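Visitor: Top to bottom, those sequences are chains A and B.
Numbered by the numbering used here, the letters in the first sequence go through residues 106 to 374 in order.
Numbered by the numbering used here, the letters in the second sequence go through residues 106 to 374 in order.
Calculated directly from the structure, the hints in this document are not laboratory data.
Just so it is clear, the structure is predicted and the values come from calculations on it, not from any experiment.
Be aware that one or more of the hints could be misleading.
The list treats identical chains as one, so a pair stands whether inside a single copy or across any two.
[Said to hold, decoys possible] Simulated crosslink set (EDC-like; lysine to aspartate or glutamate; CA at most 20 Å straight-line):
hint: 1; residue 1: Lys220; residue 2: Glu336
hint: 2; residue 1: Lys300; residue 2: Glu369
hint: 3; residue 1: Lys195; residue 2: Asp341
hint: 4; residue 1: Lys279; residue 2: Glu366
hint: 5; residue 1: Lys195; residue 2: Glu171
hint: 6; residue 1: Lys279; residue 2: Glu171
hint: 7; residue 1: Lys279; residue 2: Glu321
hint: 8; residue 1: Lys279; residue 2: Glu369
hint: 9; residue 1: Lys300; residue 2: Glu336
hint: 10; residue 1: Lys279; residue 2: Glu268
hint: 11; residue 1: Lys300; residue 2: Asp287
hint: 12; residue 1: Lys279; residue 2: Glu262
hint: 13; residue 1: Lys279; residue 2: Asp266
hint: 14; residue 1: Lys300; residue 2: Glu358
hint: 15; residue 1: Lys195; residue 2: Glu358
hint: 16; residue 1: Lys195; residue 2: Glu369
hint: 17; residue 1: Lys300; residue 2: Asp167
hint: 18; residue 1: Lys220; residue 2: Glu358
hint: 19; residue 1: Lys300; residue 2: Glu268
hint: 20; residue 1: Lys220; residue 2: Glu268
hint: 21; residue 1: Lys300; residue 2: Glu366
hint: 22; residue 1: Lys220; residue 2: Glu321
hint: 23; residue 1: Lys220; residue 2: Glu306
hint: 24; residue 1: Lys279; residue 2: Glu159
hint: 25; residue 1: Lys195; residue 2: Asp314
One-letter residues, chain by chain:
2 protein chains.
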Amino acid sequence: MNNTNQCPIGVFDSGVGGLTNVRALMERLPMENIVYFGDTARVPYGTKSRATIETFSMQIVDFLLEHDVKALVIACNTIAATAGQRIRQKAGNMPVLDVISAGAQAALATTRNNKIGIIATNTTVNSNAYARAIHSQNSATLVRTQAAPLLVPLVEEGWLDHEVTRLTVREYLKPLLVDNIDTLVLGCTHFPLLKPLIGQEAPGVALVDSAITTAEATAQALSAAGLLNSENPAPDCRFYVSDIPLRFRTIGERFLGRSMEQIEMVTLG
Amino acid sequence: MNNTNQCPIGVFDSGVGGLTNVRALMERLPMENIVYFGDTARVPYGTKSRATIETFSMQIVDFLLEHDVKALVIACNTIAATAGQRIRQKAGNMPVLDVISAGAQAALATTRNNKIGIIATNTTVNSNAYARAIHSQNSATLVRTQAAPLLVPLVEEGWLDHEVTRLTVREYLKPLLVDNIDTLVLGCTHFPLLKPLIGQEAPGVALVDSAITTAEATAQALSAAGLLNSENPAPDCRFYVSDIPLRFRTIGERFLGRSMEQIEMVTLG
Numbered sequence: 106m107n108n109t110n111q112c113p114i115g116v117f118d119s120g121v122g123g124l125t126n127v128r129a130l131m132e133r134l135p136m137e138n139i140v141y142f143g144d145t146a147r148v149p150y151g152t153k154s155r156a157t158i159e160t161f162s163m164q165i166v167d168f169l170l171e172h173d174v175k176a177l178v179i180a181c182n183t184i185a186a187t188a189g190q191r192i193r194q195k196a197g198n199m200p201v202l203d204v205i206s207a208g209a210q211a212a213l214a215t216t217r218n219n220k221i222g223i224i225a226t227n228t229t230v231n232s233n234a235y236a237r238a239i240h241s242q243n244s245a246t247l248v249r250t251q252a253a254p255l256l257v258p259l260v261e262e263g264w265l266d267h268e269v270t271r272l273t274v275r276e277y278l279k280p281l282l283v284d285n286i287d288t289l290v291l292g293c294t295h296f297p298l299l300k301p302l303i304g305q306e307a308p309g310v311a312l313v314d315s316a317i318t319t320a321e322a323t324a325q326a327l328s329a330a331g332l333l334n335s336e337n338p339a340p341d342c343r344f345y346v347s348d349i350p351l352r353f354r355t356i357g358e359r360f361l362g363r364s365m366e367q368i369e370m371v372t373l374g
Numbered sequence: 106m107n108n109t110n111q112c113p114i115g116v117f118d119s120g121v122g123g124l125t126n127v128r129a130l131m132e133r134l135p136m137e138n139i140v141y142f143g144d145t146a147r148v149p150y151g152t153k154s155r156a157t158i159e160t161f162s163m164q165i166v167d168f169l170l171e172h173d174v175k176a177l178v179i180a181c182n183t184i185a186a187t188a189g190q191r192i193r194q195k196a197g198n199m200p201v202l203d204v205i206s207a208g209a210q211a212a213l214a215t216t217r218n219n220k221i222g223i224i225a226t227n228t229t230v231n232s233n234a235y236a237r238a239i240h241s242q243n244s245a246t247l248v249r250t251q252a253a254p255l256l257v258p259l260v261e262e263g264w265l266d267h268e269v270t271r272l273t274v275r276e277y278l279k280p281l282l283v284d285n286i287d288t289l290v291l292g293c294t295h296f297p298l299l300k301p302l303i304g305q306e307a308p309g310v311a312l313v314d315s316a317i318t319t320a321e322a323t324a325q326a327l328s329a330a331g332l333l334n335s336e337n338p339a340p341d342c343r344f345y346v347s348d349i350p351l352r353f354r355t356i357g358e359r360f361l362g363r364s365m366e367q368i369e370m371v372t373l374g
């Protein structure tokens, strides 16, 4: 094991949602150091244009590269959908994982009837990135995408088991269920918090939580590149945000499932 | 009438919501030129910290001052609540109107039982700005504020008469109605679009639409300063945004009630 193996994994998102990925990474790769960046001053990205998202994303990647990361995890569907290619160009040989590639892969491995539904933000849906990722491997798969933008603020409001959230989920899922999907990708990092409710509203449909599948893909990529950290008695996890971390801490601990000790505010761009 | 009278009124908001103010200004002051700025690349402000909102707001004010505005209208409750004082310092003698001062004034003129409710974003509620503005004029008034953050994305989704929106409004209004308010301030520029639904859920309660009251206050301030534009055969209205204006145009026309011809994207900061 050389020094690079000790370097952290860089995980980033437009805000707090990517913490669901950090949580899954901590469980799957407990020996790894992690540096997280959440762009809380400019969140959400899901309603912004491709050009703006690319600019913001490259600023974040520059920041993480300065922190000597050994791999990048794009823990935001919107960034993966719009800026994934430019980030991979910039990263060179470094492993770059993202929630869309991992989610598409897992959905293909899960479906039995070859009918996959996707719920995501507007920008992710408009990018058509999930359909492209799935069709590049199986062009016969039916892919139905549905923008579900209201689920983000509903999760942030903490209405995880509220009648309003249930009705909203029901409305969004209706066209997907009509098309008889048997697999549903939770294509936004906020949505895993709604897994119980979505499961009730989509009985018999398998839910793909891209945080878990991305953590698995990260483990495989690090292993293949000989970059796993196998000796780390005190794994270090640092959180950076672009706005004062008060709200990030409150909501973030719900996403992460534990407390966050080191949160620092930095200014990008 | 001198040259200054021909100068535009500068109106600004974190995004699209301030267009409800532009609409009211166009109706109340049809001879005025208007320059609008919506910070669509960084919207929403309502969940960001005071320091970040101040920084962003001062960048917008600089931009509008470069456009030779004769008055400023802070068409965003969150900005008014957090950065209003700094904006007034910067503006010097120029009239500065804002939705909170105007809304508080109108609420005091409307209430009969001296019990006023406010619905707004989290940051506006936390700032306590409405209660301060009302109590500075009548300390005996009961002011009940309620954060209603979900109404913003519901309006942007266009669910203006949807069962989900109705249940959400009902939940938010419950504690205010228990306190027997007779006047409710729509303390966010998105909320006037929900006036019919809110009216049904709060029967007998007078709704204060701060867009209309701010337009009236602007007319009075311009008149008092001798700055009204009385000769303008072709009033000019320009819209500037910080992100590509596709979504701004679509949603904006719903807010403005007419089409927008001149929309330009600029980068601030």
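Visitor: Next, verify each hint and record whether it holds.
Guide: Outcome of the hint check:
1. Lys220 <-> Glu336: neither (43 Å within a copy, 64 Å between copies)
2. Lys300 <-> Glu369: Neither way: lysine 300 and glutamate 369 sit 30 Å apart in one copy and 41 Å across, limit 20 Å.
3. Lys195 <-> Asp341: So lysine 195 and aspartate 341 fail the 20 Å test inside a copy (25 Å) and across (44 Å) alike.
4. Lys279 <-> Glu366: This pair counts as neither: shortest intra-copy Cα distance 41 Å, inter-copy 37 Å.
5. Lys195 <-> Glu171: within (13 Å within a copy, 37 Å between copies)
6. Lys279 <-> Glu171: Answer is neither; intra-copy 45 Å and inter-copy 50 Å both fail.
7. Lys279 <-> Glu321: neither (31 Å within a copy, 45 Å between copies)
8. Lys279 <-> Glu369: Intra 42 Å, inter 38 Å, cutoff 20 Å: neither.
9. Lys300 <-> Glu336: Neither, since 34 Å and 61 Å both go past 20 Å.
10. Lys279 <-> Glu268: The answer is both: 16 Å in one copy and 15 Å across copies each meet 20 Å.
11. Lys300 <-> Asp287: This pair counts as within: shortest intra-copy Cα distance 15 Å, inter-copy 41 Å.
12. Lys279 <-> Glu262: Classified as between; 17 Å across copies, 23 Å inside a copy.
13. Lys279 <-> Asp266: For lysine 279 and aspartate 266, the Cα distance is within 20 Å both inside one copy (19 Å) and across copies (19 Å).
14. Lys300 <-> Glu358: For lysine 300 and glutamate 358, only the intra-copy Cα distance (17 Å) is at most 20 Å; the inter-copy one is 36 Å.
15. Lys195 <-> Glu358: neither (31 Å within a copy, 39 Å between copies)
16. Lys195 <-> Glu369: neither (25 Å within a copy, 30 Å between copies)
17. Lys300 <-> Asp167: Close neither inside one copy (34 Å) nor across copies (46 Å); limit 20 Å.
18. Lys220 <-> Glu358: neither (35 Å within a copy, 37 Å between copies)
19. Lys300 <-> Glu268: Within. Shortest intra-copy distance 15 Å satisfies the 20 Å Cα cut-off; inter-copy 23 Å does not.
20. Lys220 <-> Glu268: Answer is neither; intra-copy 28 Å and inter-copy 30 Å both fail.
21. Lys300 <-> Glu366: Neither way: lysine 300 and glutamate 366 sit 27 Å apart in one copy and 44 Å across, limit 20 Å.
22. Lys220 <-> Glu321: neither (23 Å within a copy, 56 Å between copies)
23. Lys220 <-> Glu306: Answer is within; shortest intra-copy Cα gap is 17 Å, inter-copy 41 Å.
24. Lys279 <-> Glu159: Result: close neither inside a copy nor across copies, 33 Å intra and 42 Å inter.
25. Lys195 <-> Asp314: Classified as neither: same-chain Cα gap 27 Å, cross-chain 49 Å, threshold 20 Å.
Consistency note: the structure conflicts with the earlier hints numbered 1, 2, 3, 4, 6, 7, 8, 9, 15, 16, 17, 18, 20, 21, 22, 24, 25.
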